[in-house]
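**Q** Protein sequence lines correspond, in order, to chains A and B.
When we follow this note's numbering, the leftmost residue of the first sequence carries the number 1, and every step to the right adds one.
When we follow this note's numbering, the leftmost residue of the second sequence carries the number 1, and every step to the right adds one.
If you're looking for bench data, these hints aren't it; they were derived computationally from the structure.
Source: prediction; values computed, not measured.
Be aware that one or more of the hints could be misleading.
Unchecked claim - Here are the simulated lysine to any residue pairs, SDA-like style, with alpha carbons at most 20 Å apart:
{"hint": "1", "chain 1": "A", "residue 1": "LYS247", "chain 2": "B", "residue 2": "ASN220"}
{"hint": "2", "chain 1": "B", "residue 1": "LYS247", "chain 2": "A", "residue 2": "GLY129"}
{"hint": "3", "chain 1": "A", "residue 1": "LYS247", "chain 2": "B", "residue 2": "THR242"}
Claimed, not checked - Chain A is faced by these chain B residues, among others (derived, beta-carbon under 10 Å):
{"hint": "4", "residue": "GLY15"}
{"hint": "5", "residue": "PRO42"}
{"hint": "6", "residue": "THR53"}
{"hint": "7", "residue": "MET119"}
{"hint": "8", "residue": "LEU151"}
{"hint": "9", "residue": "ARG154"}
{"hint": "10", "residue": "VAL187"}
{"hint": "11", "residue": "GLU197"}
{"hint": "12", "residue": "ASP227"}
To be verified - To spell it out: a stretch of chain A is covered by chain B in this simulated footprint if at least three of its residues, at any positions, have a beta carbon under 8 Å from a beta carbon of chain B; those stretches are:
{"hint": "13", "segment": "44-50"}
{"hint": "14", "segment": "63-69"}
{"hint": "15", "segment": "123-130"}
{"hint": "16", "segment": "198-206"}
{"hint": "17", "segment": "236-246"}
{"hint": "18", "segment": "253-259"}
From the three backbone atoms N, C-alpha and C, an ideal C-beta is built for every residue, glycine too.
Next come the chains, spelled out residue by residue.
Number of protein chains: 2
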Amino acid sequence: MNTERPVILVTNDDGIQAPGIHRLVEALPDNADIYVVAPDGPRSAQSSALTMTNPLRIHRHPEMEPAGRSEHWMSVNGTPVDCVKLAMHAILPRIPDICVSGINHGSNAGNSIIYSGTMGAVIEACTLGIPSVGYSLLDHSMNADFSKSLLLVREITRKVLDNGLPHHICLNVNFPANTDIKGLKTVAAAESHWTDEYREYTDPNGHKFYLITGDLINDNPDDDGTDLYWLPRGYATVVPVTPDQSKPDMIPYVRDILNA
Amino acid sequence: MNTERPVILVTNDDGIQAPGIHRLVEALPDNADIYVVAPDGPRSAQSSALTMTNPLRIHRHPEMEPAGRSEHWMSVNGTPVDCVKLAMHAILPRIPDICVSGINHGSNAGNSIIYSGTMGAVIEACTLGIPSVGYSLLDHSMNADFSKSLLLVREITRKVLDNGLPHHICLNVNFPANTDIKGLKTVAAAESHWTDEYREYTDPNGHKFYLITGDLINDNPDDDGTDLYWLPRGYATVVPVTPDQSKPDMIPYVRDILNA
Chain A
1 MNTERPVILV TNDDGIQAPG IHRLVEALPD NADIYVVAPD GPRSAQSSAL
51 TMTNPLRIHR HPEMEPAGRS EHWMSVNGTP VDCVKLAMHA ILPRIPDICV
101 SGINHGSNAG NSIIYSGTMG AVIEACTLGI PSVGYSLLDH SMNADFSKSL
151 LLVREITRKV LDNGLPHHIC LNVNFPANTD IKGLKTVAAA ESHWTDEYRE
201 YTDPNGHKFY LITGDLINDN PDDDGTDLYW LPRGYATVVP VTPDQSKPDM
251 IPYVRDILNA
Chain B
1 MNTERPVILV TNDDGIQAPG IHRLVEALPD NADIYVVAPD GPRSAQSSAL
51 TMTNPLRIHR HPEMEPAGRS EHWMSVNGTP VDCVKLAMHA ILPRIPDICV
101 SGINHGSNAG NSIIYSGTMG AVIEACTLGI PSVGYSLLDH SMNADFSKSL
151 LLVREITRKV LDNGLPHHIC LNVNFPANTD IKGLKTVAAA ESHWTDEYRE
201 YTDPNGHKFY LITGDLINDN PDDDGTDLYW LPRGYATVVP VTPDQSKPDM
251 IPYVRDILNA
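Please work from the sequences and hints to get the whole structure.
**A** Take a look at the structure:
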């Protein structure tokens, strides 16, 4: 049995001030060395974006560090993936035993994985060989009630710390909002798409501009093997995710159409 | 046979001024209606990031539209994915027959797909059901010589226009730089990782800051089924890519470790 204190990396995409990351840290084990390295403000929908030219700075937040726990709180003026990379390069004492991201204010179910900064950080840590889990609550509000998800956060984090995860597999966990959670379903991400994606405005000079909006539509609403089926029914969902988007089983088909 | 003029959406992540996108458009068929909707400046490594709160504006560039071809050039003050989404919402006359992105100044081989804005746009179009191809040249310079890649750009674009691509499959094409291209290999993305990712600096006030750097290391350099094997040997590579990062074959394993 490993008696060393676990090292836990925590990040998110809502920024270090968001209540979700503070609730997440409260649910982590007392015997761990916890390093929070989170964006200095909201970075929703930043996917796996990197900061390429802007200087990145690390800012310490001793005012966030409670007495009696080994918590180190730092913010970075970058994306969630910047936070993971910079934590590994310049902050952490060793490769962490787990990376947890969230708890996101809002859903990352269905095809939201593609855009999610919460999951961008998880996928980054996964590529670095770190067992990684993203947590999201289906409530965008900064006043969201995370209390009913914390038991599962604690349990899943503990089990991943104990068991690890397979090579190139990380987890995307979503919690229903404002309900008692009926259970946990391990499923696939629902195939889904967005509608009505922009609202059009006219500025005082007569020029048009656009703001993003829209609804996520479940393409197969009766498929009970997917996250978008179970979340509205009061269940939390776990989706195994891989960073590897290459699709080798399609190589013969592509060779055929390209003669290559 | 479909006698309608093809509609082609073109974007990139280096911005509308980058030579690579102008060379790409020159390689497209004369009988097509071409819509270039590209970022108004460099957006490298923006992955699938979305602009959430900043108003998006579309700027026309009639000065870029040559006589005698049906080319419509527009820039957007957002990410590559914003360009695709906004093109679909507010610009294109119908769903395009193909989306092409690039030609990127720099490699998108190995695990670069994760961070690439060029491929973010391709993956977005793919989720919308559009056959989509990203093109990249292994030369970051703005003076890069794209001439040797244009024959293959033309050929691959034509074949994808003629044959389409399977559901949720898009293509990531990379070209070697400064060499005669020996052929085209359809392969998997090499498992790979980055080293030495940040350089540390001290500003005039004594505060540290960081800029990203680093090298992409091929984890399996002898695997001739991968892009990073063939590119240094003078071959262009095609990798089939899927937007779907969910990994349903891992569900039983995850259920087992989580008891869920």
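**Q** A separate judgement is required for each hint: does it hold in the structure or not?
**A** Hint-by-hint comparison with the structure:
Straight-line distance between C-alpha atoms of LYS247 of chain A and ASN220 of chain B comes to about 17 Å, which keeps the hinted pair within the 20 Å bound. The straight-line distance between the Cα atoms of LYS247 of chain B and GLY129 of chain A is roughly 17 Å, inside the 20 Å bound, and the hint therefore holds. With a C-alpha separation of about 6 Å, the suggested pair LYS247 of chain A and THR242 of chain B falls inside the 20 Å cut-off, and the hint holds. At a threshold of 10 Å, the smallest CB-CB gap from GLY15 of chain B to chain A is about 13 Å, leaving the interface hint violated.
Interface hint at PRO42 of chain B: satisfied, since its Cβ lies 8 Å from the closest Cβ of chain A, which is below the 10 Å cut-off. Given the 10 Å rule on beta carbons, the hint for THR53 of chain B holds: about 8 Å separates it from the nearest Cβ of chain A. Among the interface hints, the one on MET119 of chain B holds; its C-beta lies about 8 Å from the nearest C-beta in chain A, closer than the 10 Å criterion. Because the beta carbon of LEU151 of chain B sits about 13 Å from the nearest beta carbon in chain A, more than 10 Å, this interface hint is broken.
Hint status for ARG154 of chain B: violated, given a least beta-carbon distance of 13 Å to chain A, over 10 Å. Contact between VAL187 of chain B and chain A, as hinted, is supported at the beta carbon level, the nearest pair being about 7 Å apart and thus within 10 Å. Annotation: GLU197 of chain B was flagged as interfacial toward chain A, and the flag holds, the nearest CB pair being 5 Å apart, inside 10 Å. Of the supplied interface hints, the one on ASP227 of chain B holds, with its beta-carbon coming within about 9 Å of a beta-carbon of chain A, less than 10 Å.
Residues of the segment 44-50 of chain A lying with their CB closer than 8 Å to a CB of chain B number 7, which satisfies the three-residue condition for coverage. Taking a C-beta to C-beta cut-off of 8 Å, the segment 63-69 of chain A contributes 0 residues in contact with chain B, too few for the three needed, and the coverage statement is violated. Beta-carbon proximity to chain B at under 8 Å applies to 4 residues in the segment 123-130 of chain A; the threshold of 3 is reached and the given coverage holds. Only residues whose beta carbon comes within less than 8 Å of a beta carbon in chain B count, and the segment 198-206 of chain A has 4; three or more means the coverage holds.
Closer than 8 Å: that is the beta-carbon criterion, and the segment 236-246 of chain A has 9 residues meeting it against chain B, so the requirement of 3 holds. Counting residues of the segment 253-259 of chain A whose CB lies closer than 8 Å to any CB of chain B gives 6, which reaches the minimum of 3, so the coverage claim holds.
Checked against the numbered hints above, the structure breaks hints 4, 8, 9 and 14 and satisfies the rest.
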